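There are 2 protein chains.
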Amino acid sequence: MSIARWSETLISTLRDDPQDAEIPSHKLMVRAGLIRKLSGGLYTFMPLGCKALRRVEAIVRQEMDRAGALEILMPALQPREIWEQSGRYDIMGDVMFKLQDRQKRELALGPTHEEVVTLLAAAELKSYRQLPRTLYQIQTKFRDEIRPRFGLMRAKEFIMKDAYSFDRSWDAADESYRKMYEAYLRAFARCGLRVKVVEADTGAMGGQWSHEFMVLADSGEDGIVECDACAYAANLERAERAFPELEPYPDSDKAPEQVSTPNAKTIGQVAAFLKCPPERLIKTLIYNVDGRTVAILAPGDRDVNEHKLARALEARDLALADDETIAAATGGPVGFSGPIGLTIPVYADTALKGLRGAVTGANRVDTHVLNVDLDRDAAIEAWHDICFAENDDRCPRCAAGKLREKRGIEVGHVFKLGTKYTEAFSARFLDEDGQSEAMIMGCYGIGVTRTLQSVIEQSHDEKGIVWPMSIAPYPVAILNLTPGKPDCVEATQTLARELDEAGLDVLIDDRDERPGVKFADADLLGFPIRVVVSERSLAGGNVEIKLRTEKATPVIEKDNAALKIRQIYQDSIKALIL
Amino acid sequence: MSIARWSETLISTLRDDPQDAEIPSHKLMVRAGLIRKLSGGLYTFMPLGCKALRRVEAIVRQEMDRAGALEILMPALQPREIWEQSGRYDIMGDVMFKLQDRQKRELALGPTHEEVVTLLAAAELKSYRQLPRTLYQIQTKFRDEIRPRFGLMRAKEFIMKDAYSFDRSWDAADESYRKMYEAYLRAFARCGLRVKVVEADTGAMGGQWSHEFMVLADSGEDGIVECDACAYAANLERAERAFPELEPYPDSDKAPEQVSTPNAKTIGQVAAFLKCPPERLIKTLIYNVDGRTVAILAPGDRDVNEHKLARALEARDLALADDETIAAATGGPVGFSGPIGLTIPVYADTALKGLRGAVTGANRVDTHVLNVDLDRDAAIEAWHDICFAENDDRCPRCAAGKLREKRGIEVGHVFKLGTKYTEAFSARFLDEDGQSEAMIMGCYGIGVTRTLQSVIEQSHDEKGIVWPMSIAPYPVAILNLTPGKPDCVEATQTLARELDEAGLDVLIDDRDERPGVKFADADLLGFPIRVVVSERSLAGGNVEIKLRTEKATPVIEKDNAALKIRQIYQDSIKALIL
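Each protein sequence line maps, in turn, to chains A and B. When the letters of the first sequence are read in order and numbered with our numbering, they come out as residues 1080 to 1657. When the letters of the second sequence are read in order and numbered with our numbering, they come out as residues 1080 to 1657.
Take the hints with a grain of salt, since some may be wrong.
Copies of the same chain look alike in the list, so a pair counts if it works inside one copy or between any two.
[Stated by the list, open to error] Each computed DSSO-like pair below joins lysine-lysine, with the alpha-carbon atoms no more than 27 Å apart:
1. Lys1116 x Lys1183
2. Lys1116 x Lys1177
3. Lys1597 x Lys1205
4. Lys1106 x Lys1275
For the record, the hints were derived by calculation from the structure and aren't laboratory data. From a predicted model like this one, the values you see are computed outputs, not experimental measurements.
With the hints as extra help, turn the sequences into a complete structure.
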């Protein structure tokens, strides 16, 4: 492939962590000179970072092609009108960068491309004979993040692989989804990344169903839960839970009874005052949901999950009501709402089903109601799973296992969108009977730059990066410890040339630096295979080979080194293929 | 490499030219389904267009790497401040897209990257030991064109390869410039493009010297001149001309004499009225130049070239003066200015040097002056070559040849920038003696998307595109004329597999279409090698091979076809290497 010399490339390593970097991978990307910050959330890829990025892109491209997806390239600039046509102009809000051209036409910098690609599909895919088709691109996206951070993890400008499938039926769409899902597993594995697939919320994207590909990491911005017994795993935004039978509280058949609870405002204060456990209390929250006012009931020790609530109520717009609305709807002040006697619709968390002997607000200042039996005392419109799942909750799939909370970095996301966009843009095809039908759509994203950084987040040690063979900027670094000695130079160049001819990219550290500096830099930069050429080992006809993942530094006859290294390289690449 | 089937890809050919396309390459890119318009100046690359684009990118990347340039990737979003620091914020004007983020910070969408890269060099290149370095990227650029047109030729969003060299001395900078210049010649040649290198103006980029790489085409937006005898060629913006000795006019020794020229306003009218040739008249134009008012003299039959004028006067800002300024500076109305008696600086085109017996305005309404001898009658501050070169002008280099006007499409541009940016951003290095000096900089651009379209502008016929082998989306198309016949299918697949194994990308036209449709589409799409599999030829154990550039359709034994095609392919690729 190619031979690079340290003295002719641009590698700037730093001894100290950059001040604004909070997580290991961000620190290491800057210290190893892979990226440099231009401004908040905006980074330049330096030569080594760019090489690693191109390798991730190549793997993703190969797996998309193998899955039969067709590469295209859409513009970053998009007319405002198409975002209005899909109804997402307002939903995207300030996350979408907006600008005007010199004719005062409004444009957006694409944070994603459902609108553009569906318009394209509407124009180009007309017949069932042209389906299925999956189109993809590897392209720069823009998002005006509230708080850009963690380097490439949450940047204003980043590279995404986004793919879009168009199908003639729901079954065919499932098949397209499955192909992408499997391509993603292969692509991440080839990048040396271990991912956890979780069920996910569809959010602003809309649609039916989705999975996220998560890299487990303490620094992850996403909460996820996984079952300790079965394969269930889900984003916290979506995670369900099982509801074991409730043990009835003592004296749970008594009639409701109002009691004064002076100076007790929080759940904790009320529970302490009444000497009952917090889970015996029922929280009553008043929400505005698509213009309606509704009451939401949740166990006192649980938080309402608005993602789940919105999905349960099929709500587009959902927010806590203001004081005035609460007073009007309940007749009481904020903090003392309760379900009894309400005329607005009341929705309750499933965990409350069958609960008797509970405590609720009385819609009256400093007052609560004891001995509440929701079935008996309140009019519940519907029961839904609307609270966050928590550690030790029962698994909703196997019921036997317990849920465990983890943190994850989302590197991929696949969505079954259905007809949300194809209806909006009249992306229709003629079926075998000449009937016009909307195509069924899926969309699929990989954060390419985020994937690159996630590899480092998952694969590093105290000395630096530990690159997987497949995306290392250089799989092999040859450290010439005495670049002033002709025989060391010659041995270095011969080995480099042999590796080059065998198809490996090689970096020669030809700097006039102490061995300790070269070793430290090689560890920081994370080359999978480090070869040391020194006068001492050359005297015995040998060179030293060290793998970044191993401690041993075996010597090997220099004439066999190229063959041995090539074998290590190929075995390592093969081991990453699913 | 890969085998694609027409029935599984997305190729939309059109029979008719798109209405908004004016030039052949734009029409063909749309008709062959290589691009689709999203909005004015914004295009999506369809699968075949994307494949060709990637091939151009790969060639450019290889030639950059070979020249020792290091690939990086800089953000498209750039903070406003760095454009103010270079002094180009105002110069770029409305061509640069501007936007605000949610914190109301102003950003620009990079139309080019001198500012970002020089900041980077200032931070990373500190010592003479790190020089020379050339950094490049292949990246999306944005320009708010007044009139986007001609498809990818003048788009709002386009892909550029931009490179920047940093050197320790002017001589070293010349060497970096030479390397890029040669890499450009190789890259364009490998894309199958014939380019003409011309001397060019430096414009808003600033700097010392530059060359443009032009594709000659009637549709080109740039005027260029080339000498018919020597190698001189230049952009009209810069083109010089030689000045032959003037023949004196008769009665050229007479004293100046004012004459009334009623109703004669234009040069043509004055010349007709005075019965003298237009070139005997001297135009006097009043300009504002960086806050000064000056007079510019030009032959009556020539147009002033403001690019050359600005360079001659070392002007940053230059515009024709308004009526008031003209009246104040000359004492006369617009249209009757003349050099005699002016107190403002007067600059004259070199062609006027030694002219006697000329006619000028008299700074008085409806009045001209005869028998003018500029040396005798006017105070000329300096003589410069400030008019456009024209057909039949003498060559400024060899003086023997005549200049010829041509049209060209600029696909590449190399600039010797000097220290304009390195001074502005303190991009300094320590030399061997520990002295701090500004690096000498060069910048180098290839319009990647424009190059792709230029290939088609230069290489097409009445039937469609004629792709060079190196960037054809598929070098080989196999047309199976009877996809219903198993033996045709088998022969097609066998040949495709053999070609695939030999490293060629193959497209199989497996559509159930008439042969005429398949032939027409293959010609339109421009595959360099077309193989026809039909029942008739298969009966004789043969297939038919036709090159897009040839008329003949020789038959060849099908078992030898793969070998033969591979040979044609390799010879063709080799022929493009300089």
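Going through the hints against the structure:
no., hint, in the structure
1, Lys1116 x Lys1183, "between (32 Å within a copy, 20 Å between copies)"
2, Lys1116 x Lys1177, "both (23 Å within a copy, 20 Å between copies)"
3, Lys1597 x Lys1205, "between (60 Å within a copy, 20 Å between copies)"
4, Lys1106 x Lys1275, "within (24 Å within a copy, 48 Å between copies)"
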